[in-house]
Each structure stands twice: as structure tokens, then as C-alpha cells.
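**Q** Sequence:
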Amino acid sequence: MQTVICMKWGTRYGADFVNRLHAAILRNTARPTQLVCLTDDPTGVNPNVRCEPIPDINLPDELVVTPWRKLVLWKDGIAGLCGDILFLDLDLVITGSLDNMFDFEPGRFCVIENWTQPGKGIGNTSCFRWPVGKHSYIFDKLSTERDRILSDYRIEQVYISREVDDMVFWPRLWCASFKHTLLPRWPMNFFKAPALPSETKIVAFTGKPDQDEAAVGKWPVTTPWKRLYKHVRPTAWITEHW
Numbered sequence: 001m002q003t004v005i006c007m008k009w010g011t012r013y014g015a016d017f018v019n020r021l022h023a024a025i026l027r028n029t030a031r032p033t034q035l036v037c038l039t040d041d042p043t044g045v046n047p048n049v050r051c052e053p054i055p056d057i058n059l060p061d062e063l064v065v066t067p068w069r070k071l072v073l074w075k076d077g078i079a080g081l082c083g084d085i086l087f088l089d090l091d092l093v094i095t096g097s098l099d100n101m102f103d104f105e106p107g108r109f110c111v112i113e114n115w116t117q118p119g120k121g122i123g124n125t126s127c128f129r130w131p132v133g134k135h136s137y138i139f140d141k142l143s144t145e146r147d148r149i150l151s152d153y154r155i156e157q158v159y160i161s162r163e164v165d166d167m168v169f170w171p172r173l174w175c176a177s178f179k180h181t182l183l184p185r186w187p188m189n190f191f192k193a194p195a196l197p198s199e200t201k202i203v204a205f206t207g208k209p210d211q212d213e214a215a216v217g218k219w220p221v222t223t224p225w226k227r228l229y230k231h232v233r234p235t236a237w238i239t240e241h242w
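Using our numbering, the first residue of the sequence shown is number 1, and each one after it goes up by one.
No incorrect hints appear here.
In the PhoX-like style, the derived pairs of lysine-lysine whose C-alpha atoms are separated by at most 20 Å in a straight line are:
{"#": "1", "residue 1": "230", "residue 2": "208"}
{"#": "2", "residue 1": "192", "residue 2": "230"}
{"#": "3", "residue 1": "75", "residue 2": "141"}
{"#": "4", "residue 1": "208", "residue 2": "192"}
Label-pair ranges, simulated between beta-carbon atoms:
{"#": "5", "residue 1": "43", "residue 2": "83", "range": "25 to 31 Å"}
{"#": "6", "residue 1": "83", "residue 2": "150", "range": "26 to 32 Å"}
{"#": "7", "residue 1": "83", "residue 2": "53", "range": "17 to 23 Å"}
{"#": "8", "residue 1": "165", "residue 2": "63", "range": "23 to 29 Å"}
{"#": "9", "residue 1": "60", "residue 2": "240", "range": "40 to 46 Å"}
{"#": "10", "residue 1": "100", "residue 2": "213", "range": "27 to 33 Å"}
{"#": "11", "residue 1": "227", "residue 2": "83", "range": "43 to 49 Å"}
{"#": "12", "residue 1": "222", "residue 2": "107", "range": "41 to 47 Å"}
FYI, nobody ran anything at the bench for these hints, they're computed from the structure. Because the structure is a prediction, the values reported are computed rather than measured. All residues carry an ideal CB built from backbone N, CA and C; glycine is no exception.
All chains, please: the whole structure from these sequences, using the hints.
**A** Dropping the structure here:
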């Protein structure tokens, strides 16, 4: 049984995002695969998704609602799981087979090379796979050295990338950023919809727009002048895969 895990807290991403992720996982795996969701509210989540409470983590209140909370995944024996587990954020679209992501470099921490920091050795944790328990010191250090770690690292994925002792990046074309790698450069983004490479398995929608917004060509902006460059054409393949 292959295991994919996700996290849902707060109100930005509702149960429908978990359910869409679950359906996409089943469409894109040939082997038996389960989805485990760590959440503070399982209401409305498909009963075939295994929901578990989010463990406590030693963070200031203002950081508990940020990606730092994802560090609970590095706790030894998280949700009673073992072996290589694939984590997926809710703000992404699966566009290719996930089975290959379980076969790639088994027993190692596999992660996206951060699109905005190429060559810096920093992973983007929108999609990563790790052997549960092997790197539990990532969680343990935060528990005992919280103030030092938060002083040294502003972003959780930088902390992981610098502290983990065995990291490898996914093949470059497997994981794409909708904004940073697929969206045509200005001004072509006003005239051309983002294309989907055939090798891509994961498309991450970090920040805005979200998947449903980009699909219909909507990019919410709060500052009027940003409309001069923040624009996306309706993107049909999002609806097809999401």
C-alpha cells in the first residue's frame, strides 16, 4: 500500500480540496494507494480518506497557521505510518503518474528544487517524499531548540534543506510551478494560456491564483496597479486534471 499524506487546517482550503486530491491520486496511481489527511476539521472529507488529528508542535501562536506546522510530519511514527510517504500540499494539481515518485531514490528525502532559488540547495516542500522516522531530528530539534531555529531560519523549507543529511531533488520536469515555470512571461500572459509539459506530474499553485481561479482566468489582486501584470488566461487542462 502506497501512502500519500496531506494537511488541512483553517478555512482557506476546504474539504473539497482534500476530496479532489484523493480522486486525482486514485486516477494517477496503478498500485493500491491511500490518502491520509492530518486536519483540525474532518467535516465533509470523503470517508475513504483516513483523517487524523494534527499533532501538537512547539511553535509560537502566530506560526502555527504557517507552513512551519508541516514539520509535525517529521515526528517519528507520525499517524502510525512507516516507510516512504509522499506529502502533497492541497494547492496543487496532479497531472501524471505518482507511482514513479514512490520508485525514485527509495529511502531518501526527495523534494522539489525551489523554483525561485535554483542552485542554492533549497527544497520546496509542496511535494516531497521521506522515510518516516529516519530524519525525526528535524522535528525533535524544533521541540528543544525552537528559539535558535526560528532565529536562524525564516522559512521552514530552508531549515529542512540545511539540516537534513540526505536530500535529493525530483527530476526537474516532474514538478512545475504554475506561476514561476508555466505562466508565459509578461506581456504574453495576457494572450497565451499556460501550457502543460507532458513530463509534468505535479503543478503547484503557491500563493495566488488557486487552481479554481486559474482555471477560469481569474487572478485576485488587492492592489489595482498589479492588474497591469498579474493576469492569467483561462487554462483548460486544470479542470481536466483537478
